[in-house]
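*Asks:* Given next are the chains, with one letter for each unit.
Number of protein chains: 2
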Amino acid sequence: MELKYQGKTKDVYQLEDGPLLLKFKDDVTGENGVFDPGANTVGLTIDGAGRAGLSLTTFFYKKLNAIEVPTHFISSDIENATMTVKPATVFGKGLEVICRFRAVGSFLRRYGAYVEEGQKLESFVEVTIKDDDRLDPPISADALTELQILSLEEYETLKQRTVEISNFVKAELAKKGLELYDIKLEFGRDAETGEILLIDEISGGNMRAYKGSEYIEPLQLEKIMLSK
Amino acid sequence: MELKYQGKTKDVYQLEDGPLLLKFKDDVTGENGVFDPGANTVGLTIDGAGRAGLSLTTFFYKKLNAIEVPTHFISSDIENATMTVKPATVFGKGLEVICRFRAVGSFLRRYGAYVEEGQKLESFVEVTIKDDDRLDPPISADALTELQILSLEEYETLKQRTVEISNFVKAELAKKGLELYDIKLEFGRDAETGEILLIDEISGGNMRAYKGSEYIEPLQLEKIMLSK
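Protein chains in written order, with numbering that gives the first Met the number 0: chain B, 0 to 227; chain E, 0 to 227.
To be clear, the hints were calculated from the coordinates, so they are not data collected in a lab.
Each hint should be verified, as a subset may be incorrect.
Computed list of chain E residues with no C-beta within reach of chain B, every gap over 12 Å [stated by the list, open to error]:
hint, residue
1, Gly91
2, Arg99
3, Asp130
4, Leu134
Facing chain B, a subset of chain E residues (Cβ under 8 Å, in silico) [claimed, not checked]:
hint, residue
5, Lys92
6, Glu116
7, Ile148
8, Tyr209
9, Gly211
10, Glu213
Glycine included, C-beta positions come from ideal geometry on N, C-alpha and C.
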C-alpha cells in the first residue's frame, strides 16, 4: 500500500482496488501545548487522540450515510485507527466550509465591530481556503467562481449540504446536553462520478462545543458523545 | 457652520439648509512618507493634494450625474477645496466596495495561491468593512445580511452600481492611455429618500492606475486625467 500524502493529523494511503486508507495519527493541532482545532500547526501528541477522532468520525458518518447524505466514508477500523474512503478530489487546493451558530473564533475577530462574543447566528456559512502561509483567508462565492475553484451551482450545493449536516451534528450534540457553536467541514468531488461528497473527519477537532458556558475540549467531547 | 466629523483626509460640516460641506485636506494616507491609497494611516501632507483630489472627484461626479447614476454630489468649490453634498447615512459603520480588474493589493495577498500578480479579473466586486483596528476585513454578502448591515437586495444594487461606475471610470482612464487595476467606492442611503447613493470622493486615492507596466501615483493620475 502506497503512502500518497502525509498530513498534519492523518496519513493517506492508496489501496490497490481503488479506495484510500486514512491513518489517524495521535498528533493534534495546537500551539504551546494546547489542543486548538483552529490552529494551523501540530502542537502536541496525545496517546489515543487518533482513535478517539476516528470513533466520533465513524459515529457521524454512519448516521449521515443512513440518511443518504453523500460522504466518502466506506468503513473504519478503530483498533488500527484507519478509515477506508472513496477517493475524491478537493476544490482547488482545498476549502473549509464553516457553519456558525454563535459568533466566536475568526468570525468574532473579523466582525467584532458588529457582533457580541457568543451572539447567535442563523446557521451562517462561510468558506475559507486552506493556505497555511496566508492564514486560511475567507473567500466569497464570487471569488470562488472568479478563481474557477468551483461553480456557483457547486457553491450552492456546498452551502445547503453544510447547513444540513451542521444542523444534524448540532442535534446530536444537543442530545448529550452540548451546544454546537461552530463546525468546519470539507467537501470533494467523487473521483469517479464527480458527485459532491463530505470528506475528511468529523471529530472534536472540527468543532467548538460548549456545555452551558463551559468549553468542551475535543477529547472530552468525543468521550461524552460516545458514552452510552 | 458646524463641524460634524473630522476624517483622515476630509472634514465634514453641516450646512444650515440641509446639505453637508466636505473640506478636502492636504493630508494623504500612507506609511513612511509614501502616498499609499490602501493605507489606513495619514502618512504625510502634500500641498495641493486636497484640491487635486477634489478636482478629479468633481470631474467624475459631474459625468456620473449626467448619465443619471445617483450620487451625493451637488457642487464643488475647487479654490476652497470644498464639496457640497446631500446627507447620506452609511451602511453599518461604513463599507468599501472594491471593483478589481487585475489581481493586486489585498486580493493578491489573500488569494496568491490561485492567481498570478496582475492577472485579469472580470469586474470582480468585493466588500470590506471600514475598521482600522481589524484592518478592514473583507465580508461576504451572507455576512452583511446576517449582521443586518444591509439587505440582500441592497447588496445586489451596490454590486451592480459598482460594476457600472467602475467600468465608467475605467473607460475614462483608457481615454488617457491609462489602465484601471482596481477602485474602491463608498455608498450610503440618501438621508431623506433612502435611495442608494455613491458618496465620498473618486480621486487618485481611491484607485490604482497603470500606464503600461508603470504605476501612476495618485497626484500624477489627477494631473493626467485633468490635462486638456
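*Asks:* Which numbered hints turn out to be false for this structure?
*Replies:* Hints 1, 2, 3, 4, 6, 8, 9, 10 not satisfied by this model.
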